[in-house]
Amino acid sequence: MHRKPITLFQTLRFRLIASVVSIEIIMLSLLVWNNISIIQATHTDRLRDTATSMIQQIARTSGNYMVAVDYATLEDYLSNIIDYQELSYLVILDRDEHAVIALGEFPVQPWPVQETHPAQVTDGVFDISDVITVAGQPMGRVLMGFSLSLMDEAIRKSRTRGISIAAAEIVLTVIVTVLIGLGLTRRLGILAVAAQEVGKGDYSIKIPVEAADEVGRTASAFNYMVTEVSNRTQQLEAAESKSRSLLAENRNLVHTSLNVQEEERKHLARELHDELGQCITAIQADAESIRDLSRDGDSRIKTSASAILDVSSRIYEVVHSMMQRLRPGVLDDLGLVEALKDAIAAWQERNPGTQCLFNVSGDLENLGERINITVYRIVQECLTNISKHAQADNITIALTKAADGLLLAIQDDGKGVDLSIPRSGLGLVGMRERVESLGGEFSLDSREGDGLSIMISVPLSGDEVQV
Amino acid sequence: MSVWRWCVDGVRSACIVLCCSLILVFPVLAATEKNESCQKNSPLVFGVLPFISAEQLVFRFTPLVNYLSENLQVPVRLETAPDFVEFARRTHEESHYDILFTAPHFFTRAKQKAGYRLIASVDSPEMWAVIVVPKQSEIHVLQDLEGKRLATVPPLGLATLLVRKTLFEAGIDPDVDLDMVITPTHDASLLSSYHGVTDASALMQPPFEAASEKVRDSMRIIARTESTPHIPISVAPWLGEDCAAEIAELLVNMGSTPEGKAVLQHNRFTGYRQGEPSIYESLNDLLSR
Numbered sequence: 002m003h004r005k006p007i008t009l010f011q012t013l014r015f016r017l018i019a020s021v022v023s024i025e026i027i028m029l030s031l032l033v034w035n036n037i038s039i040i041q042a043t044h045t046d047r048l049r050d051t052a053t054s055m056i057q058q059i060a061r062t063s064g065n066y067m068v069a070v071d072y073a074t075l076e077d078y079l080s081n082i083i084d085y086q087e088l089s090y091l092v093i094l095d096r097d098e099h100a101v102i103a104l105g106e107f108p109v110q111p112w113p114v115q116e117t118h119p120a121q122v123t124d125g126v127f128d129i130s131d132v133i134t135v136a137g138q139p140m141g142r143v144l145m146g147f148s149l150s151l152m153d154e155a156i157r158k159s160r161t162r163g164i165s166i167a168a169a170e171i172v173l174t175v176i177v178t179v180l181i182g183l184g185l186t187r188r189l190g191i192l193a194v195a196a197q198e199v200g201k202g203d204y205s206i207k208i209p210v211e212a213a214d215e216v217g218r219t220a221s222a223f224n225y226m227v228t229e230v231s232n233r234t235q236q237l238e239a240a241e242s243k244s245r246s247l248l249a250e251n252r253n254l255v256h257t258s259l260n261v262q263e264e265e266r267k268h269l270a271r272e273l274h275d276e277l278g279q280c281i282t283a284i285q286a287d288a289e290s291i292r293d294l295s296r297d298g299d300s301r302i303k304t305s306a307s308a309i310l311d312v313s314s315r316i317y318e319v320v321h322s323m324m325q326r327l328r329p330g331v332l333d334d335l336g337l338v339e340a341l342k343d344a345i346a347a348w349q350e351r352n353p354g355t356q357c358l359f360n361v362s363g364d365l366e367n368l369g370e371r372i373n374i375t376v377y378r379i380v381q382e383c384l385t386n387i388s389k390h391a392q393a394d395n396i397t398i399a400l401t402k403a404a405d406g407l408l409l410a411i412q413d414d415g416k417g418v419d420l421s422i423p424r425s426g427l428g429l430v431g432m433r434e435r436v437e438s439l440g441g442e443f444s445l446d447s448r449e450g451d452g453l454s455i456m457i458s459v460p461l462s463g464d465e466v467q468v
Numbered sequence: 505m506s507v508w509r510w511c512v513d514g515v516r517s518a519c520i521v522l523c524c525s526l527i528l529v530f531p532v533l534a535a536t537e538k539n540e541s542c543q544k545n546s547p548l549v550f551g552v553l554p555f556i557s558a559e560q561l562v563f564r565f566t567p568l569v570n571y572l573s574e575n576l577q578v579p580v581r582l583e584t585a586p587d588f589v590e591f592a593r594r595t596h597e598e599s600h601y602d603i604l605f606t607a608p609h610f611f612t613r614a615k616q617k618a619g620y621r622l623i624a625s626v627d628s629p630e631m632w633a634v635i636v637v638p639k640q641s642e643i644h645v646l647q648d649l650e651g652k653r654l655a656t657v658p659p660l661g662l663a664t665l666l667v668r669k670t671l672f673e674a675g676i677d678p679d680v681d682l683d684m685v686i687t688p689t690h691d692a693s694l695l696s697s698y699h700g701v702t703d704a705s706a707l708m709q710p711p712f713e714a715a716s717e718k719v720r721d722s723m724r725i726i727a728r729t730e731s732t733p734h735i736p737i738s739v740a741p742w743l744g745e746d747c748a749a750e751i752a753e754l755l756v757n758m759g760s761t762p763e764g765k766a767v768l769q770h771n772r773f774t775g776y777r778q779g780e781p782s783i784y785e786s787l788n789d790l791l792s793r
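Chains as they are written, first to last, in the numbering used here: chain A, 2 to 468; chain B, 505 to 793.
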């Protein structure tokens, strides 16, 4: 099997690593982004809540000091609050918006615009204010500024920590995935190479089972499969060899049988010609003599002699016909083409409703006894079958001697046969056996209602050409 | 003749028009002049003695301050002090308050030391201090207080002065025979015995009457002191006479308008009357103790 080279991007190793790493990067990025958002929201909400809570507390508790104009005590009280780390400044305004207490790094006037959420801050300080009331009456205002530096630092640390953890996880994932991918694909590669070797017929290969995981189990199954395939292949090869041997023996047997049959036919025809023919000829001669001698004598002798003459003629014709079927003498005397013409003409006389066209091409002399009798018998069998079953109007028989062999094509326009239905007769089997015994090929093609054609090719070699 | 008559009639008509114009314009001019007199000291600081908590004080006196501010067309600011001593110091040393709402004996001292002028008094019967105990208490008379804990306002408070005088007159030395527990306000004094921190409480009768019904009904008065004139309202010495008169007029006539009546009702006062400095001279003896 030809192995196409694959690019890096087509490799399972690359796709596995790229997929896992991509998913890891995407998911961890989303996770980090989500965490950072939550951290930012948590910190800003906490600062907002803390600031709101503190300023409300101060606004509610400072009123008594404001109405009592007890700023010193109020400042002592607020001094404890200014120590809060995130608090940048704290200013208490009286009812005239005059700063009566100012703690921390308070801004210069005009007083900063109040912000409702740390997310709105642009100058790094979250400015909020609230009205100081006593019994619902405004007594002043409290301004507070909360520095975002600590919150930003905490968020930055959280972000850095989150990104570091994500990066470390990505690196670890890449390393682990690469190692697993390399191990997995290396073993899969071994499997692929082993499969190719098995495909080439090398059943001796064994894959080392390195682990009891899925790939290891696959390797074990592969080894077991190779062993089984090897055993089955050996069994099949043995059976095939045996079949070939039996087939060869059968063919030899058939070949021998056909030869014996032909020899027997030939011998029988010769015996009929030599023995029975001579006897009949002698009987006819004697019967003619008796008929001639009794021309003026008893008419009954003449009649009997004529009857003997008629019977002997009839016997001669029967014997001659039998001799032709057993071994056409014209085949030996005039060759294959003349014998076929003679047989076709005789068949044509018996089947005048069917036109048979016989074409010959090439030098068909000296084809050899075996080829001659085989071709003759096949044509003879085909004509017999056509007359029995085909109901054909036209038959074409073409015999061609080509450079590499002898070709015989017989085609009729009869009703044809369904080749998928097994045939019970031995005619076709006998034809195939005769051809294959000569090393040739026999093919049959037919469809119901569309006639039947038989193609035969027989190799011609020096051994086959016998005069 | 006709010319003469025409001239006489013309002069008469002109005089009538001038008089009518003066009659119509005068109140406006007068009002403008009054407002301008108070605006010299804008905003006016209305100082109230911290006899109750700041929350209660703001609640009780905000309507009065707003009433004065609206009618004077001058911002009036309510202020108090952390305690009696600081209030007295600001009054005597700084004359910090333009309008002074304080205890009668404090006014006497403010008049003497800082020149505050009386312009009105709360038009109610005299007031006094009371000594109260929880209803289930076994203390029924002053003598039962011996060895007990008596809550009172700071030493300079009128209630403390009156109670001390009463105790002395009953043969009880408050510095020896019982334990005087000082609380910052009348409310605090009352609640200390209400919650059982002390055995009895001394406070002025108006704050006791203004206490919540639940607290007041659970207490029993075992003694009352001598009476004193009611709360005086005075003004700082630098405040002009016109402005002072305007403020006094607003206070005295407060009951004549629906808004003024509502303010008086909120303060549980029946009204204000012209101030008579002489009625507060009797407090000099109390201060001398």
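Certain hints may be false.
Unchecked claim - Taking CB as the label site, the calculated pair distances span:
hint: 1; chain 1: A; residue 1: S150; chain 2: B; residue 2: D683; range: 53 to 59 angstroms
hint: 2; chain 1: A; residue 1: A103; chain 2: B; residue 2: R593; range: 33 to 39 angstroms
hint: 3; chain 1: A; residue 1: H99; chain 2: B; residue 2: T761; range: 32 to 38 angstroms
hint: 4; chain 1: A; residue 1: D46; chain 2: B; residue 2: E559; range: 28 to 34 angstroms
Claimed, not checked - Which stretches of chain B does chain A cover? Using the computed rule of at least three CB atoms under 8 angstroms from a CB of chain A, they are:
hint: 5; segment: 562 to 572
hint: 6; segment: 728 to 738
It should be emphasised that the hints constitute simulated quantities derived from the structure, not laboratory data. The beta carbon of each residue, even a glycine, is placed where N, CA and C say it ideally should be.
Verification of the hints:
For S150 of chain A paired with D683 of chain B, a C-beta distance near 55 angstroms keeps the hint of 53 to 59 angstroms intact. A hinted range of 33 to 39 angstroms for the beta carbons of A103 of chain A and R593 of chain B is inconsistent with their spacing of about 25 angstroms. The beta-carbon spacing between H99 of chain A and T761 of chain B, approximately 34 angstroms, falls within the hinted interval of 32 to 38 angstroms. Here the CB-CB span from D46 of chain A to E559 of chain B is close to 32 angstroms, well matched to the stated 28 to 34 angstroms.
As drawn, the segment 562 to 572 of chain B meets chain A at 3 residues by the rule of a beta-carbon pair under 8 angstroms; at three or more, the given contact holds. Counting residues of the segment 728 to 738 of chain B whose beta carbon lies closer than 8 angstroms to any beta carbon of chain A gives 0, which falls short of the minimum of three for the stated coverage.
Hint compliance for this structure: hints 2, 6 are broken, all remaining hints hold.
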